[in-house]
Structure formats: C-alpha cells, structure tokens
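A.B. asks: Sequence:
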Amino acid sequence: SRPGAAELLALAGKVASGDLVSLNLANVGICDEAALALADALGAGSCALLALNVRGNWSTMEDDEVDPRGGVALAKGLRPAGHNSSIAELDGGGNNRWGSEVAVAFAAAVRTPGTCSLLALDLQGCAIGDTGATAIASALQEGCSLTSLGIGWNQLSTDASTAVALALQSPACKLQRLGHWRNNLRETGGRAIAASLASAHCCLTELDIGWNELGPVAGLAIARALASPDCKLTKLVAGNNAFGSAAGAPH
-6 SRPGAAELLA LAGKVASGDL VSLNLANVGI CDEAALALAD ALGAGSCALL ALNVRGNWST
54 MEDDEVDPRG GVALAKGLRP AGHNSSIAEL DGGGNNRWGS EVAVAFAAAV RTPGTCSLLA
114 LDLQGCAIGD TGATAIASAL QEGCSLTSLG IGWNQLSTDA STAVALALQS PACKLQRLGH
174 WRNNLRETGG RAIAASLASA HCCLTELDIG WNELGPVAGL AIARALASPD CKLTKLVAGN
234 NAFGSAAGAP H
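The opening position of the sequence shown corresponds to residue -6 in our numbering, with each subsequent residue numbered one higher.
Calculated from the structure, these hints are not laboratory results. Beta carbons are placed, not taken as given, at the ideal position from N, Cα and C, and that holds for glycine. It is possible that some hints are incorrect.
[To be verified] Here are the simulated distance ranges between beta carbons: (1) 194 x 26: 38 to 46 angstroms; (2) 19 x 210: 33 to 41 angstroms; (3) -3 x 41: 31 to 39 angstroms; (4) 193 x 22: 45 to 53 angstroms; (5) 110 x 19: 19 to 27 angstroms; (6) 232 x 164: 27 to 35 angstroms; (7) 206 x 74: 26 to 34 angstroms; (8) 53 x 17: 31 to 39 angstroms; (9) -5 x 226: 15 to 23 angstroms; (10) 14 x 107: 15 to 23 angstroms.
[Claimed, not checked] List of simulated lysine-lysine pairs, DSS-like, C-alpha gap at most 27 angstroms: (11) 225 x 167; (12) 69 x 7; (13) 167 x 228; (14) 69 x 225.
All chains, full assembly: derive it from the sequences and hints.
C.D. replies: Right, dumping it as structure tokens:
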C-alpha cells in the first residue's frame, strides 16, 4: 500500500538526520507537503542520501495542468548553502506534469560548483520541452556534475534535441551515458550525434537514440563515427530509425 503523508514526512526526517543512504519513493503519490519536506531534508548538513527515486509521482494520463512545485523544490535541495549535497543519483522519470520549469531548475543545480554532487539524472518522460532541453544543453556545454542523463520520450523539437547532441562535443562535458530516445532528432540531430561521437572531447560510452527518425544519411554518418579512433562508445541502442539499406548503417 502507498505510504500516507505522515509516513512520508517521517521518511523525510530520516533523510535529514542521515539515517538513509538510498530511498525509493517511485509511484507512491507524494503530496506537496512531503515533497517540500524531502527537499529541505536533502539540503540538511547531516543528509547522507546517495540515491533518490521519485519516478511516477507527478504523472497523469489526463490533460492536467503542469505541476512543477515538487520537482523545483527537489532541484533546489541539491544546491544547499554552505556544504555539498550528498545526492549522486536522482530518478525523476515519468513525472509528465513536471514540465520545463523543473528541467531548468535541475540544469541550474548541476552547474553549481562546490555544492551539487549529482552524477546521474533521469528526466525521461517529464515533458521538459524545448526550454528545459536547451537549459540542460547549456549546462552540459559549459560544464556540470552530470555523467549520466536520461531525457528520452520528451518529444522535443529537432533544434532542441540537436542542441543536446552538439553539447557532447564540449571539452567541459563529462557525460558518459545518454538516453535521448523518441525526441525528434531526425537527420539533423543524427548528424550532430555522429559529429559528437567522432569528437576527441566526447566522453560517451553508452547511448540510446532509438525512435528518432534519423534516416539513412544520419545512420551512415553514425556508422562512420563509430569507426573513428576518438569514438569511445561501447553500447548503442538505435532501433526504429528508418536507416533503410544505407551501407554500414547501424541496425
């Protein structure tokens, strides 16, 4: 059964006191009061939490309004004043009511040197929009804490998706794993992915770009990039991209 508000507030207290190093609250229906308490707990000096899963708490199949409050609060909790945050992994996937404001808040958090320790962030299926994706691309471009990022299934524009792909070429980008599936990369974004993979500065070892309508031209460009001596990729998921019969394109 789902925990009630009192139980969630008690868990937030345990986070603040340093009693927990991992907390799974996926699909439990976190209320705003509990989300704000948890965000405050993340900023506590005694917090020792390393991994937090809040997947599927702000989601709906209906056309409800965006509700960014809990997500924004959690993002702000990752940048406490006066000390480092302990959180290294945060799974917020499937929160399709979060919207772009939450993605912008997380982008601001991970580019805060000396406070945010977040390495892995999952925002797949969170309706981050072009504004959120562009903010994340800027954070990657200019340097941030992330080494693993999931932004798949956000139905971005090709321009916003391509901005993320191009950020991978930045010498300041530390990203090693990227989930960028079903985001309308198309040929333009696919060619940007290829250019990044062949860049000496790109650190990616795992990449998921399935369901992006890349087409044969981008497929061939990616295949050539995989052969580059600078390409560090060891795992690629690229299915359902209409590569056709382009010679050497990934399957």
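A.B. asks: Now, for every hint given, state plainly whether the structure supports it.
C.D. replies: Tested hints:
Roughly 44 angstroms separates the CB atoms of residue 194 and residue 26, a value that falls within the hinted 38 to 46 angstroms. Under the hint 33 to 41 angstroms, the C-beta atoms of residue 19 and residue 210, about 39 angstroms apart, fit the expected range. The beta-carbon spacing between residue -3 and residue 41, approximately 25 angstroms, falls outside the hinted interval of 31 to 39 angstroms. Here the CB-CB span from residue 193 to residue 22 is close to 47 angstroms, well matched to the stated 45 to 53 angstroms.
In this structure, residue 110 and residue 19 meet the distance hint of 19 to 27 angstroms, their C-beta atoms being roughly 22 angstroms apart. For residue 232 paired with residue 164, a C-beta distance near 31 angstroms keeps the hint of 27 to 35 angstroms intact. Checked against the hint of 26 to 34 angstroms, the C-beta distance between residue 206 and residue 74 comes to roughly 45 angstroms, which is inconsistent with it. About 21 angstroms separates the C-beta atoms of residue 53 and residue 17, a value inconsistent with the hinted range of 31 to 39 angstroms.
Roughly 40 angstroms separates the CB atoms of residue -5 and residue 226, a value that falls outside the hinted 15 to 23 angstroms. A hinted range of 15 to 23 angstroms holds for the C-beta pair residue 14 and residue 107, which are about 22 angstroms apart. The suggested pairing of residue 225 with residue 167 holds, with an alpha-carbon distance near 13 angstroms, which does not exceed 27 angstroms. Distance hint between residue 69 and residue 7 is fulfilled; the C-alpha atoms sit about 19 angstroms from each other, no more than 27 angstroms.
In summary, the hint linking residue 167 to residue 228 is supported, as the alpha carbons are separated by about 17 angstroms, within the 27 angstroms threshold. Distance restraint check for residue 69 and residue 225: the Cα-Cα separation of roughly 33 angstroms exceeds the 27 angstroms cut-off, and the hinted pair is therefore not satisfied.
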